[in-house]
Each structure stands twice: as structure tokens, then as C-alpha cells.
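Chains B and H, in that order, give the protein sequences. Per my numbering, the very first residue in the first sequence carries number 1; after that it's consecutive. Per my numbering, the very first residue in the second sequence carries number 1; after that it's consecutive.
One or more hints might be untrue.
[Said to hold, decoys possible] Pairs of lysine to aspartate or glutamate residues, derived as EDC-like cross-links and limited to a Cα-Cα distance of at most 16 Å, are as follows:
(1) B:K140 - H:E192
(2) B:K134 - H:D191
(3) B:K106 - B:E146
(4) H:K80 - B:E117
(5) H:K227 - H:E237
[What the hints assert, rightly or not] Some chain H residues flagged as far from chain B (calculated, every beta-carbon gap over 10 Å):
(6) R146
(7) T198
(8) S215
(9) E235
These are calculated hints, taken from the structure and not from any lab test. Using N, Cα and C, we set each Cβ at its ideal position, and we do this for glycine too.
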Amino acid sequence: MDKALQVSAIKEGTVIDHLPAERLFDVINILGLYNSTDMITFGTNLDSKRLGKKGIIKVANRHFEGKEIDKIALIAPHANLNIIKNYEVVEKRLVEIPEEIISIVKCFNPKCITNNENVETRFQVICKSPIELKCFFCEKITHEKEVVIT
Amino acid sequence: MQKRDLISITDFSKAEYLQIMEMAKGFEKNPNQNLLKGKVVATLFFEPSTRTRLSFETAINRLGGKIIGFTDSSSSSVTKGETLHDTIRMVSNYADLIVMRHPLEGSARYASQISKVPIINAGDGANQHPTQTLLDMYSIIKTQGRLDNINIFMVGDLKYGRTVHSLLMALSVFENPIFNFIAPPELAMPDEYKRFLTSKGIRYFEHREFTGIISEADIIYMTRVQKERFTDPIEYEKVRNVYILRNKMLQQTKPTLKILHPLPRVNEINEDVDSNPKAYYFTQAENGVYTRQAIISHIMGLI
Numbered sequence: 001m002d003k004a005l006q007v008s009a010i011k012e013g014t015v016i017d018h019l020p021a022e023r024l025f026d027v028i029n030i031l032g033l034y035n036s037t038d039m040i041t042f043g044t045n046l047d048s049k050r051l052g053k054k055g056i057i058k059v060a061n062r063h064f065e066g067k068e069i070d071k072i073a074l075i076a077p078h079a080n081l082n083i084i085k086n087y088e089v090v091e092k093r094l095v096e097i098p099e100e101i102i103s104i105v106k107c108f109n110p111k112c113i114t115n116n117e118n119v120e121t122r123f124q125v126i127c128k129s130p131i132e133l134k135c136f137f138c139e140k141i142t143h144e145k146e147v148v149i150t
Numbered sequence: 001m002q003k004r005d006l007i008s009i010t011d012f013s014k015a016e017y018l019q020i021m022e023m024a025k026g027f028e029k030n031p032n033q034n035l036l037k038g039k040v041v042a043t044l045f046f047e048p049s050t051r052t053r054l055s056f057e058t059a060i061n062r063l064g065g066k067i068i069g070f071t072d073s074s075s076s077s078v079t080k081g082e083t084l085h086d087t088i089r090m091v092s093n094y095a096d097l098i099v100m101r102h103p104l105e106g107s108a109r110y111a112s113q114i115s116k117v118p119i120i121n122a123g124d125g126a127n128q129h130p131t132q133t134l135l136d137m138y139s140i141i142k143t144q145g146r147l148d149n150i151n152i153f154m155v156g157d158l159k160y161g162r163t164v165h166s167l168l169m170a171l172s173v174f175e176n177p178i179f180n181f182i183a184p185p186e187l188a189m190p191d192e193y194k195r196f197l198t199s200k201g202i203r204y205f206e207h208r209e210f211t212g213i214i215s216e217a218d219i220i221y222m223t224r225v226q227k228e229r230f231t232d233p234i235e236y237e238k239v240r241n242v243y244i245l246r247n248k249m250l251q252q253t254k255p256t257l258k259i260l261h262p263l264p265r266v267n268e269i270n271e272d273v274d275s276n277p278k279a280y281y282f283t284q285a286e287n288g289v290y291t292r293q294a295i296i297s298h299i300m301g302l303i
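Given the sequences, and given the hints that come with them, work out the whole structure.
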């Protein structure tokens, strides 16, 4: 039986699957799902062949795009999004880390201008696994463990 | 014409490095040229750096330009809480070129996005100081006659020292450099730079202390080992005297060897080295004026 069916099905919306179990609440957080009035179900520590333990989030009536998907990719690079319409999966989308990341990550360097003045952050992705982001301004590298999503 | 800035040493191509070297040579022969006549240059020093500021202001004066600016942020509207954004917006309405030094990293890149006029970065925190690198390169080409096949020893604080990082990047575009790093483990060259050299197939060697191998050096580039970089003061005490260059250590070195240092020095080059013709750090500082004249002329499209 598909693990996604262990929690109740949704009619319209998105199933975010293959999240690292320990990052589940981070994903809820960065997507601002705690403010949602639509039905959300989530599970964690579910068995996964690929990840060992995985997390899953089902969000009714919501589709994600652009920056939101980039945010998911940064903390759950192996996640996929199942787009649900009328209880059917109409599209499966793998998240992908873009070549350039604008405004969604904080530079780890406290002396960077972006942490001291109102400047939109901008990073070149120099490595996707593990994630290494080079700040366009201070040129310092923010490593995967230091990634803070704003 | 698109505005040119000099924020990071990698903003310039190899051809431009060589062009700057050639122009600096011209300014050394004939320093007083009125290329900046009628132009206003702003020197904005948000933190004090007397040496760099005097070098730039000498270069501007020798080019016949006029200078406006401030020497530290306490004498500017920054103390009233003005943002860098607003300061740059305002000054770029007045001046034809902005030379800026700022304690925050990335500030110069940010300023270049706001400013209508070119920006030259005279140091942004621990990040970049590209005019220092170009004057280091000019000192190398002037004394060695080449920038290819240079065997350079970088000594001291290789972890935080922006000058060694930028010089490494710049020399890596030339043929067959060899890098030797002499530093305590706490201040070793960061992995990202070693990975960069490996990816380009450039040889480098790491040493804990000075050995007889300096007999192969064309250039020894000394830097300060700063006490505040160590979390454990005992560690500092252990290494503080390991990275001092003394005159007797230079006996077996090449006759063409030159010793560079971005200055100011503390004790890392013993004073008995100063009278050795291989000591080059004071001339290196003088070279800064010619190199900065060349950089300004290049950025402004004056030659």
C-alpha cells in the first residue's frame, strides 16, 4: 500500500512527499502552513526505502510555486510534490535547487551588508549536494548546515 | 558605455591585469599627468585607513583630480543613522568616481549597484581589497619580470588574510604558479581555495614552519598573525614566534627573491631584514600609488 494513503486523501491540493523526517516541521514553518485555514495533515517517521524515515505533508486547496518550491528544495532536496486534482495525482514534480537564489536565504556572515542594511540577499549555488551558496555581496559561502530560510 | 567598477579582484580579466601593469609602469616613469583634470573623486572612508587613503589621494592628486570625502564615519552623516544606500545615492550625484572603504563585507558590491558612477573598493571588511592585489602583482612583475612561473610562499594568517586570498586568485590565471603555504593549523589556507587550486591543476604545498625549501622562492609574502584570531591565548603564544622572518634565514635564498608584506607589520619581519636588498615592502607601498593611478585611469576610460 502506498505510504501516502496512510493519512486521509485530499480532493484538491498538494502532497509534499519524501521530506527528511527531522525537517518536517521546518518545511511547515517556511511555507507558513501554521497560518493556513485549509485542512493540513502531516506524518513523520514513516518508513521510506530512500530516506529510511520520511515526513509527508498534505495541504488541501493549495499549490506551490516559484520561491516556495525553492525553499522546500533548500531544506528537503529530495522532496517531491504531488499535485492532486479530484483525488487523482495529476502531476508529480521533483523539487530542484536553482542556480541562483534570491531573497529567501539569510547570509550566514554577520558582517555581510545584507545582515546590516535592507538589502535583498542573492546567492550563486556552487554545490547542490551538500548545499554551498556563495553570497553575491560578501562572497562568503553559506554551507548546508548554516542555511536559514527567511 | 557601461559603467566599470573594481569591487573584487576577479572583476578584471588577465588582459586587464596586464594592461594595468603596463599603465602603472608608465605612471612610475611619469607620475604627474593631468588626466583627471576637471573631475571630482569622492574618497569615502567609513572606517579609517590612513595608508590606503593617502595612497589613493596621492594618486588622484598626481592625476590632477579634486577630492571630496571623509576619513572616518564619525565625521559623516553615518553617525546620524544614514544608510549606506542613501550616502552612495547622494555622493554619486556629486562625484565622477567613488573610492570607498567600509567595515561591512559586500558593502562595495552593494554600493556599485546603487551608484551611477564607478566604485573602486578600497577594502570591504575581511572580504576584498583588489587595489592591494594589483599593487602586489605590479611589485612581482617589476622585480621578477614576469607573472608566469612564480613560486610564491605565503606566510602567517592564511585563513583570514584577504590579501593572500585575492593574490592567489589573481596569480592562478597565469602560467604554472606554485604556491607554498606556511601557517599554523588554526590559520591554514581555507579548503575552498585549496579545492580551487586543485580544480585548476595548480600545485600547492603546505608547511607548518619555515624550512630550507624557501631557497626555491621567488616571492615570500608575509602577513601578520593577529592575537585576536586565536580563541586560546596559549595557542597564540605557541605560534607567535614561529612565523618571524629573520635575515639569517635568507642566506640560501635566490638572489632575485623579494619579500612582500601588505603592511603594517608588527614583529613578523625582523628589522634586521630591512637592510637586505631582498626586502621590498616599502617600495611595494610606493608602487601602490602608480598602480592606483593606473586603476583609476582604466576605470574612468582615461587612457
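Hints violated by the structure (numbers, ascending):
Of the numbered hints given earlier, the structure breaks none, since each of them holds.
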